[in-house]
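Participant: Chain by chain, the residues run as shown.
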Amino acid sequence: MSGVSKSFPGVRALDAVDLELERGEVHVVVGENGAGKSTLMKILAGAYRADAGEMLLDGRPYLPTDPEDGLRHGISLIYQEDQLLPGMSVMENVLLGRWPSRRGVVDWGDARRQTSRLLSKLGIDLPPHASVADLGSAQKQMVEIARALSIDARVIVMDEPTASLSDREIERLFEIIGELKRTGVGFLYVSHRLDELHRVGDHVTVLRDGKAVFAGPLSSVATERLIGLIVGRPLDAYFPSRSARVGEIALRVQGVRRAGVLTDITFDVRAGEVLGVAGLVGSGRTEMARAVFGADPPDGGLVEVGGRSIRLGSPRSSVDAGLVLVPEERKTQGLVLPLPVVDNIALPNLEIFGRGGWFDWRRARRDARHRIESLQIRTPHLGTPVESLSGGNQQKIVIAKWLARDPRVVIFDEPTKGIDVGGKVEVYRVINALAETGVAIVLISSELPEVLALSDRVLVMRGGRIAGALDAVTATQEQVFALAVGRHVDAA
Amino acid sequence: MPPDERVAATADSPAVEQAGSRHLVVLRLIRGLIAQGGPLLGLILLGAVLTLLSDRFLTVANLSNVAQQIAVIAIVALGSTFVIISGGIDLSVGSVLALTAAVFAIAFQNLGLPLPVAVVLGLASGTVLGTANGLLITAGRLPPFIATLAMLSTARGLTLVITEGRPLSSFPDEFRLLTSARLFGEVPVSVILMLALFLVGSLVIRHTVFGRATYAIGGNEEVARLSGVRVARTKVAIYALGGTLAAVGGLVLTSRLNSAQPIAAQGLELDVIAAVVIGGASLSGGQGSLVGTLLGALIIGVLRNGLNLLNVSSFWQQVAVGVVIALAVMTDTLRRRRR
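So the sequences go chain by chain: A and B.
Residue numbering for the first sequence follows my numbering, starting at 1 and increasing by one per position.
Residue numbering for the second sequence follows my numbering, starting at 493 and increasing by one per position.
Chain A on its own, in the form it takes in the complex (with noise of 0.2 Å):
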């Protein structure tokens, strides 16, 4: 296999990437949350189609047509999140859709000789009729494993294998992928933990902004070296400035806890403070974002508002102190799509608006004229579902509808995600004005430039603690990174 070039100019996810992976080789990809390393995969894996550029699959032009296809083709994807059907058996899984039968009528001795060789072969201990609802994470792994295998798959591309996998279980996958190389399969293998790639990997790509800036044999580039080529982007100029007044403090977290996701939580915000939280997908950063605000109900500690603690696991109890979250997912958890633009700021204030039970449609027509304009919020009018406006316009009718409040805490979690380039700078605007009139703001963001330049510390999150707090006029990309991964770097 050689010579895979895409490229995907409108939304710039993937800028005219190029990639070879040759048979028994381990290709590693590596990049910051949204360089493009998921469109990478989904685009070879068939998931996605590309709008330019050419693979080749053993010389010949490979272009696949949905995930099936990729797979006809010997292109198998592990994501993250497991793919097996938990109420099955594990021969069942591994040989999902093509279950040996005659006339219609499934052969379960073939099923499971087909399974076992599969098992032995891989060194898998693992009965063919257990239940995968039991298995273990790596186990189902394993069996995701065998299931790329029983297809004959030539390329596995695997999306964060290790990020479940306890220091012996990579140990095994490991040993897997080696046993594998050497039949000719190559990997291509997506990671964070920049410690583990030099044990696994042989070549190379660092993916940055939908452009791979680097290629090139593991052996020759230093994990130092590697962190700089992930993050060395200049601190992008449109970051409008800000004078705010640091307070008092307005919220405070202590001992926040979540069993198997969120450790120990502690920090507090000042009224006017903007408090960054970098961390790499999946450290917890939205999480701990649920919790505090009670989302997700956390199973102990502290949370203060105002030096007045609110009663934890209850959205409503939060929002009535003054602390109110913008969600990641704006279009699931921050909007109801369907409904009108004076909905959707109403939504909270429904008792704001209304006078013994009566909703006062004046008022909540005045408010969100008021935040329309003051947001500059461009919308047809009132009545438009919130479902046709553009992304950024979106995410401030989600701002919008909790300024009616006068909220001494808002948690912002990814709020430029997905929003082109002017809407972002609109956002970041809204962020500064709200510090400015003395709200402590918390920033979930994945970009570092934009927690650096918009916050006034930084939080870095990993393996749902806080690994550690930097002050964001002095911290450097390369810093707040290395605190991420779990890897010590002097400041460059």
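So these bits of chain A aren't anywhere near chain B, every CB distance computed over 12 Å: (1) D15; (2) Y48; (3) R49; (4) G59; (5) L96; (6) S131; (7) I170; (8) S219; (9) A222; (10) G260; (11) L312; (12) Y428; (13) G438; (14) D456.
Covered, in the sense of this in silico footprint (three residues per stretch, anywhere, with C-beta under 8 Å from a C-beta of chain A), are these stretches of chain B: (15) 701-715; (16) 720-731.
Source of the hints: derived by calculation from the structure; they are not laboratory data.
Where is the CB? At the ideal position from N, CA and C, for every residue including glycine.
Given chain A, put chain B in place with the hints provided.
Facilitator: Below, chain B without anything else, positioned relative to chain A:
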């Protein structure tokens, strides 16, 4: 997107901004009717065809009869519209209707309580059963389909237990007036009651915190929860309302038949759901209107009545209702997709 379709999509929202002007309720109702497009057109067409085919259709006596017949379905469907807009479903309305009617009849006849007290007891038992549905769904975390399916069986069983399987008949004239008395010449009191309930319901769904929360929960429950809407409390209130209105339907039916039947209103839930979806509500929630539901109930009533006048057997009537449900929802879906 033509303006009338946009209104249709969210008929009970201020889809078109009316800068602060106060509207007469009647005016708004007419606008709502126009916004209904599909169902209204269907009803007019159906009426026109039946007028041509039978000279007995378009008479005051017949139309008043149709209105009388749909009153029970429509009143129960009023509650179910709230339930369905909130993204739920209530399969228990028929059984709840029968049980509340039995409670009323037993309180009045066997216990000898005064008529107003018996009426209040009947209504209250509907509220209690609806609240039970709501608690099963929120506190018990059962899907609405399962919770109300359980209630369907439980309430029907309890009805048979407390009535010992026998109907309770013969009620005083003042109770029979609910369906026998006619105002303005030909309009039965029960029809006036139905229209009054729809008027109040329209105001509630549009102009109260409760009504707006109902739409928000059906549109996206998680967004509503994260926005501080009291989702569980609102849902319990929605099902309690549904139970109460089923009880109102039970009183109307008992008055009309002069008898509380333990097997009354079996299968009513299907007619009720049909009326709501013919009226443009989406079973996935967030969409629907009370005017639509009233039209949906009328379409079912007019269709049955017309087929009776034309001497079509009741077996074929069932087929016709099925076809109408499929057609109504299909045209509605296609119309929306074109936007």
